[in-house]
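Top line first, the protein sequences correspond to chains Z and C. No gaps in the numbering here: position 86 of the first sequence is 599 in our numbering, and each next residue is one more. No gaps in the numbering here: position 204 of the second sequence is 293 in our numbering, and each next residue is one more.
For the record, the hints were derived by calculation from the structure and aren't laboratory data. It is possible that some hints are incorrect.
[Said to hold, decoys possible] Dumping the calculated SDA-like pairs for lysine to any residue here, alpha-carbon to alpha-carbon at most 25 Å:
#1 Z/K578 with C/L147
#2 C/K305 with C/T166
#3 C/K91 with C/T286
#4 Z/K517 with Z/P658
#5 C/K153 with Z/G609
#6 C/K228 with Z/P658
#7 Z/K663 with C/G185
#8 Z/K594 with Z/D529
#9 Z/K578 with C/E149
#10 Z/K624 with C/K247
#11 C/K153 with Z/P678
#12 Z/K690 with C/E156
#13 Z/K663 with C/G186
#14 Z/K690 with C/T166
#15 C/K247 with Z/G608
#16 C/K153 with C/G185
#17 Z/K578 with C/E96
#18 Z/K561 with Z/K581
#19 C/K228 with Z/K599
#20 Z/K599 with C/G211
#21 Z/K581 with C/G145
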Amino acid sequence: MAIKKTFANCDEAVADIFDGAAIMIGGFGSFGGLPINLIVALARQGAKNLTVIANQGGVGFDLSKRIKPGGYQDIGALYEKGQVKKFIGSVPALGGMPPTSPIETLYREGKVEIEMVPQGTLAERIRAGAGGLGGFYTPTGVGTPVEAGKEKRTINGREYLLEMPLTADFALIKAHKADTLGNLVYRGTARCFNPIMAMAAQTTIVEVDELVQPGELDPEVVVTPHVFVSRIVEVRI
Amino acid sequence: MKDRLDEQTIALRVAKEFQDGMVINLGYGMPGLCANLIPEDRTIYFHGENGILGYGALGEDAEKDYELINASDQPVTRMPGMVFFDSAMSFDMIRGGHIDLVVLGAYQVSEAGDLANWGRPGRPATGMGGGMDLAAGCKALIVMMLHTTKDGAPRIVKQCSFPLTAKNCVDKIFTDLAVIDVTEKGLVLKEVAPGWTAQEVQALTEAPLIIAGDLKEIEL
């Protein structure tokens, strides 16, 4: 018997996320690939002192109207409820936006920590964590504030920085379709950080547009094999 | 006040650099305008660090698909041969030298080609996104920006005072006043906006400019 991975709703799927957990949140930052129903459920659930690992810090609902007509929810929902202790990502705040996003406001007030990571380094640190590696050397960030405190090494005449792996207690991700085993396919640019985060957490929770039976997804096009997925919630749009 | 080029016109000039078959990444903000201005006889494969290669022009309102966006959160259009991939593979393409040309915006560029494009005073939470990886890995890097700040201060400087994206990474600078090559000897002024002299451009540039022997007006 396969373990039952399907959950009736997002609230049940995130119920055991504990205070102090490290959580990867997929997507690019804005709409498209952001597991927004899981995020909103986590905001309702209320776990505190979270470390959030995500590409962007979220702009919050007010500023989101400048990006998409009508606006949208994003990770900002978690800051607004004071649930986040630390953010690790490449774009905590957008330079082209006013300095009023929830994370930037809290950062100014000293209420949230930020670890700024170049986007490619973030992706590779997640992949390293997912694959059981101890780190890697990258040329990204040499000669910039990013190199502070890091081992620098010359390889074949070029300077590189040592970067460490990232893992998490939970990953919240978005996929287009899952079968009930947890095999996943994505849609368009909603793929981005989702497949690598799915691999890097103890417990990976996915929200999908459509849940199907094993055999209905072409095994040649599955992007995330089911071994990486713990929980599945279908959110029909 | 003399006229300066508007952003569309700078983008048109930048797009003239796009050679047939190139893989090109357009950075956040102004560079995105270039996607709709490709010279007619050329095929360009636009790369977005969010995991897309070969997208078309920016989408019209009617066809907006928010799961089909570039790295500036702008909906784009589908093209035959377009392909999607995850963020790790996207940055393999970038760091691995598979991107021919990157066009980035900037706050400052130094005479040595250092780039500062993500942090500025008073905004400690704005991030570098993929800029550092793009600057470290691409074959050629173009900066597209306004020549001076809103207050008239030069953005092309001797030393960047803002935090760096990468050292010595910029190859060419396109502004509303000039086209400038970054060379080992220094900054070479190649083209000026219509009606502007080299001396007038220099007066708005902190770093010294070497005037090219074949200096000309920007042509579109």
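So, going through the hints one by one against the coordinates:
{"no.": "1", "hint": "Z/K578 with C/L147", "in the structure": "19 Å, holds"}
{"no.": "2", "hint": "C/K305 with C/T166", "in the structure": "36 Å, violated"}
{"no.": "3", "hint": "C/K91 with C/T286", "in the structure": "11 Å, holds"}
{"no.": "4", "hint": "Z/K517 with Z/P658", "in the structure": "47 Å, violated"}
{"no.": "5", "hint": "C/K153 with Z/G609", "in the structure": "22 Å, holds"}
{"no.": "6", "hint": "C/K228 with Z/P658", "in the structure": "23 Å, holds"}
{"no.": "7", "hint": "Z/K663 with C/G185", "in the structure": "22 Å, holds"}
{"no.": "8", "hint": "Z/K594 with Z/D529", "in the structure": "18 Å, holds"}
{"no.": "9", "hint": "Z/K578 with C/E149", "in the structure": "18 Å, holds"}
{"no.": "10", "hint": "Z/K624 with C/K247", "in the structure": "37 Å, violated"}
{"no.": "11", "hint": "C/K153 with Z/P678", "in the structure": "36 Å, violated"}
{"no.": "12", "hint": "Z/K690 with C/E156", "in the structure": "14 Å, holds"}
{"no.": "13", "hint": "Z/K663 with C/G186", "in the structure": "24 Å, holds"}
{"no.": "14", "hint": "Z/K690 with C/T166", "in the structure": "22 Å, holds"}
{"no.": "15", "hint": "C/K247 with Z/G608", "in the structure": "24 Å, holds"}
{"no.": "16", "hint": "C/K153 with C/G185", "in the structure": "32 Å, violated"}
{"no.": "17", "hint": "Z/K578 with C/E96", "in the structure": "24 Å, holds"}
{"no.": "18", "hint": "Z/K561 with Z/K581", "in the structure": "29 Å, violated"}
{"no.": "19", "hint": "C/K228 with Z/K599", "in the structure": "35 Å, violated"}
{"no.": "20", "hint": "Z/K599 with C/G211", "in the structure": "20 Å, holds"}
{"no.": "21", "hint": "Z/K581 with C/G145", "in the structure": "20 Å, holds"}
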